[in-house]
Amino acid sequence: MMLRSKVLPFLFCLVVVAFGTKESDLKQCKHQCKVLQQIEEYQREKCYEICEKLYHGEKQEKEEINFYEGREEGKNNPYVFNEEHFITGIKTEHGRIRVLPKFSERSKLLKGIENYRFAILEANPKTFVVPNHWDADAVLFVAQGRGTLSLVRKGKRNSFNIGRGDVIKVCAGTTAYLINRDDNEKLLIAKLLRPVSTPGQFEHFFGPGGRENPQSFYSAFSSDILEAALNTRKDRLQRLFGQPREGVIIRASEEQIRVMSQHEEGGIWPFGGESKGSVNIYKQRPLQSNQYGQFYQVDDSTYKQLEDLDISLNFANITEGGMLGPIYSSRATKIAVVVEGEGYFEMACPHLASESESGKRQGSKETETRIGRYQKVSSKLRRGMVLVIPAGHPFVAVASTNQNLQIVGFNVNARNNEIVPLAGRNNVMSQLEREALELGFGLPAREVEQIFQSQQEEFFFQGPGGRQSGRAAA
Amino acid sequence: MMLRSKVLPFLFCLVVVAFGTKESDLKQCKHQCKVLQQIEEYQREKCYEICEKLYHGEKQEKEEINFYEGREEGKNNPYVFNEEHFITGIKTEHGRIRVLPKFSERSKLLKGIENYRFAILEANPKTFVVPNHWDADAVLFVAQGRGTLSLVRKGKRNSFNIGRGDVIKVCAGTTAYLINRDDNEKLLIAKLLRPVSTPGQFEHFFGPGGRENPQSFYSAFSSDILEAALNTRKDRLQRLFGQPREGVIIRASEEQIRVMSQHEEGGIWPFGGESKGSVNIYKQRPLQSNQYGQFYQVDDSTYKQLEDLDISLNFANITEGGMLGPIYSSRATKIAVVVEGEGYFEMACPHLASESESGKRQGSKETETRIGRYQKVSSKLRRGMVLVIPAGHPFVAVASTNQNLQIVGFNVNARNNEIVPLAGRNNVMSQLEREALELGFGLPAREVEQIFQSQQEEFFFQGPGGRQSGRAAA
Amino acid sequence: MMLRSKVLPFLFCLVVVAFGTKESDLKQCKHQCKVLQQIEEYQREKCYEICEKLYHGEKQEKEEINFYEGREEGKNNPYVFNEEHFITGIKTEHGRIRVLPKFSERSKLLKGIENYRFAILEANPKTFVVPNHWDADAVLFVAQGRGTLSLVRKGKRNSFNIGRGDVIKVCAGTTAYLINRDDNEKLLIAKLLRPVSTPGQFEHFFGPGGRENPQSFYSAFSSDILEAALNTRKDRLQRLFGQPREGVIIRASEEQIRVMSQHEEGGIWPFGGESKGSVNIYKQRPLQSNQYGQFYQVDDSTYKQLEDLDISLNFANITEGGMLGPIYSSRATKIAVVVEGEGYFEMACPHLASESESGKRQGSKETETRIGRYQKVSSKLRRGMVLVIPAGHPFVAVASTNQNLQIVGFNVNARNNEIVPLAGRNNVMSQLEREALELGFGLPAREVEQIFQSQQEEFFFQGPGGRQSGRAAA
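Protein chains in written order, with the UniProt record's numbering: chain Y, 1 to 474; chain V, 1 to 474; chain D, 1 to 474.
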């Protein structure tokens, strides 16, 4: 598993041998990639790509060399992750765990969330995920299916049934195991992790296991140590830890599932007593709701265990043909995953805009520069895609016309976050003085006010697709 | 705008081709700079400079190669910033916004404050700064002039008149706009910003605007999205967002200024209710005051909104011919700007001392090394210059003999900070036992005590210039 | 002193000149080291080592190049530090101060504690450590001897006698000095420091001192500044600050020692009044105790001053022939130093396991990867050795059969840390359901339960060496 990813300042060293041909230079350049990788664990492909671009760039002397993800018409923007961006940590016939690489590996623009990791667990019906602990705090969201989660902490075990919409915090070091107790449906869990030991890097520690697949961490100790600690003879320990196992996600019998799923929904949190083991986001009162969508939230006021992580969760259900926003978050960065449906999103990004121009500005520090320039970042959305929406960035999400679009968002830096509406009732422009509108837009205040007051809905609106027939008259 | 600066571990790759001449090596070296810049956004000039130094250094075999800013007799020390260090974010005929590059780009010694940015806004009389929000928390200090600031947050607008000495916190994501309501005086505001999204990097987001200068972030969205969200026809939106604008700081009419400045000083903070919108640092009871100067402070006890930022502000008014210190801050790093007057400062810095010697110690790890060595860092001070004074570093500031020197300081890491006096009444040396003084200084305790008790004033003293005639008799 | 170490992403630039021989390449490579060091303060040796490995590796084409510390059979693992890893900050005939380099310089795996530094002070009998302050918060543990510590803060001095087992927090900027008041025994103090200004970097600031050895920071100021500030004539200041001194740790007379050690043990903390100046870890009620060892803790509940640092301390006294663990810490990373005795430790590490395999996985992102693989990290333990034990990592420590093994641990990230037992009474496996054990280990639950219930002791056990005769019958 490549969980141990690095914050690599993307350095690179090009050797141009004075008398070399271009081709031999390229070869040299790629050789460098190989060497660098040994030292710095470069992703070889990324390095190769730069080699190609460098030499390509050198041939076309006047052309700008363009390294940034997302510059090419937003087609490859750093804010959108799909299936191919995930690393498979575990993949067996019974399920898999997929993890996104460290965000800052994707783009320097995501450095603010580089200490968080995002993972998705998929377990087939009637399977068991072997007990293990992680060196990371985690927030789990059940995107699909029905399971039973067991957590062992402070010498107590707490098992509870979980289902779609449940939010559960699992503290670092907690031993956790899980069954998918459904007969037919996959269990899908989205996880946001915050490593406690090495920033942006976490590992799974399996107690149960054998010689391999998974290895038990017990088996890493010398056998005389284990004999002494467990007060048990070597041959019996060899039987316990010496066999290969069948994987991290394995098939369980009907009877095993039956016994292990006799637990309450939610359950009482035994570790401190002040809070439940999980809360369900669908059971919250929606913050926003109309015919075009509903918006739910779980934060530390409804689920106290999120407090020290400074994380909240949102769930947006956008009705088919509807849209959410434009809005922005005042201080939280949202890591969102599409759990159902299709659609697209658009976001205004000043960082990409400034990068795409920075090449042209070199040497001219003291000139009128480009405060106030935005690049549109956009992407189609499909089930399983992950979006990052940084604080302050205005965005919209639009559902397709034939299916609701459902997105769950983990908000990092959630404390005192405010969601600011840019259209519809209570939009921020409608708070400005007439003089400010006039000066800001260069049009009579009345005209500007009229535009920002034309939309009567709030937060969720009829989307552009749904408006083909009934276009507004404003 | 070059706000998006990088924390660049200052790497560099030198290619010495075996049979090359020195000149061709230098050319090669500079070529590397160009390449590296593509990948890592190096400041090309800095890289070139290193090339020059490297080849210069190689010619004079025995000579130390000297890369550090500030080594050359303090003339170019990394703690002092003047006009040329600023980047101009915006410059129009009506004003400008200047921003310091990320501190860690200047020197690795400033890495501790790399997540903070410093900016200065200048707006001409009777001008308007177009509404926008930032992905950064900000603390503003009004250094000069009279304005009206409007903040929109949580669906409410709060406008209040501001003037010299006012301290205002603006939360990330707040829509802010501003007028200079004075007929003659420029409005000057110093800002300390702490980005909430990408560390050390922030952007301005303009809602009002047009196609450019500034662009409205609305215009980054597809037109069908905007039509749907604002429930408004394309042609009307084109009128609103499709024209170029006149800049971020623009001229306002007498009437517009008059209407927008009908607000109270300070005003009531409508966002939570526990605190005022601003406090004035001059209206605080001075922490220190005598004929040579006054020292004021605003912290979270006087302005609760500073609490979560862990920032405090100081204002020092040093009388002409007077001096402040030597003192040091126990844990805060001070980012200070000269708002009035002239003078100079001196600081004792162990980091620069150790760097300038590190070249000589190579290979000899296990020897007597240089704990307890300090380099004097000094600079003339003029209006508009910015100083960084790290925690623990003793410093003095001296006013010229013909004008008061006024410095406002933003203290980062302010909680539990203690200002420790090194001379005058209550200086830290006078707390030591006689035996400790004797052993520490190697002189009879009485002699040491006499010296540290000769100065009767506290904190502010008569400066060296003012002492030409009336030299003390001690 | 090399306190100012850098977080160096371990970059390196290899020049392969097309027609060069291998030998000339190596020379070139080392030349690069020299150049890089000028810019980035590389440890030249480390760089040289890589050169050697690179060229060695290139000769044996098919062989994996192996850079990681600790891969070679754990013999050189990054979690263990002995005498040779320390940098000597100060070394005189009367004592020395040794500091570990920044942890992240040793290995990227230690990045999580790179902002902490570890130091050991040794002062001979009847010596004095000259007053100074640091730009770091510090927690001190007296490992051996009897001294008197004086702290000057907020205009007050607090002196108190300290002895073996005392824990003292010293806030950044506090002026501190120290005597060893014992006639025969060395005073040994282990320090964990958290710099407040530059991350991972701190300096000592000496007020008392002279022209050098140590230099007084006063002497870095211009003489007219000092004359004015201290209101004292130049010649008298020259006498005070102009002479070289005898070092930072110096011999004190019987009489000086006598006067300076007339203080209470512990003493009352005058800086805020809520807490004592120090607490003794041996006087705490042990968290665990049996015939094989005792385990003590000092945290913010027993010593309030540790609260804002989020640090706790543990002291483990492992009886000769006994062992501690296996256990793991749920969220704290432990920086531990052996204060007495000999033995060894073992730890299960997934990070090293994954690194040693990462070479083999290249190009194959989407395959079954190695979640659940652990490498044994082990080392003999001797007095003075330092261990880092990251959160989540199971480990054991075993005492030799002829002497108790005593280890003091500083726990970073201590809040809500849980110590999880993996063997003996209340071990975490005994909390799992029978079905989970069965599925996890692939053996009948009864057999697994029997093994995990065979050890009746808790936390400390009879070690493998002590079991030669009386082997258990389980």
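Since the hints were made in silico from the structure, they are not lab data.
Here the structure is a predicted model, which means the values were calculated and not measured.
One or more hints might be untrue.
In this list, chains with the same sequence are indistinguishable; a pair is considered to hold if it fits within one copy or across any two.
[Claimed, not checked] Taking lysine to aspartate or glutamate pairs in the EDC-like style, the calculated list, with each CA pair at most 16 Å apart, reads:
id	residue 1	residue 2
1	LYS154	GLU458
2	LYS304	GLU435
3	LYS126	ASP183
4	LYS126	GLU227
5	LYS91	GLU320
6	LYS154	GLU342
7	LYS186	ASP224
8	LYS234	GLU447
9	LYS91	ASP235
10	LYS126	GLU185
Each hint tested on the structure:
1. LYS154 <-> GLU458: between (46 Å within a copy, 15 Å between copies)
2. LYS304 <-> GLU435: The answer is neither: 44 Å in one copy and 31 Å across copies each exceed 16 Å.
3. LYS126 <-> ASP183: Within one copy only: 6 Å inside, 72 Å across.
4. LYS126 <-> GLU227: neither (35 Å within a copy, 49 Å between copies)
5. LYS91 <-> GLU320: For LYS91 and GLU320, the Cα distance exceeds 16 Å both inside one copy (34 Å) and across copies (46 Å).
6. LYS154 <-> GLU342: neither (43 Å within a copy, 31 Å between copies)
7. LYS186 <-> ASP224: Result: close neither inside a copy nor across copies, 43 Å intra and 38 Å inter.
8. LYS234 <-> GLU447: between (85 Å within a copy, 14 Å between copies)
9. LYS91 <-> ASP235: For LYS91 and ASP235, the Cα distance exceeds 16 Å both inside one copy (32 Å) and across copies (53 Å).
10. LYS126 <-> GLU185: within (9 Å within a copy, 66 Å between copies)
Taken one by one, the earlier hints fail for this structure at numbers 2, 4, 5, 6, 7, 9, listed in ascending order.
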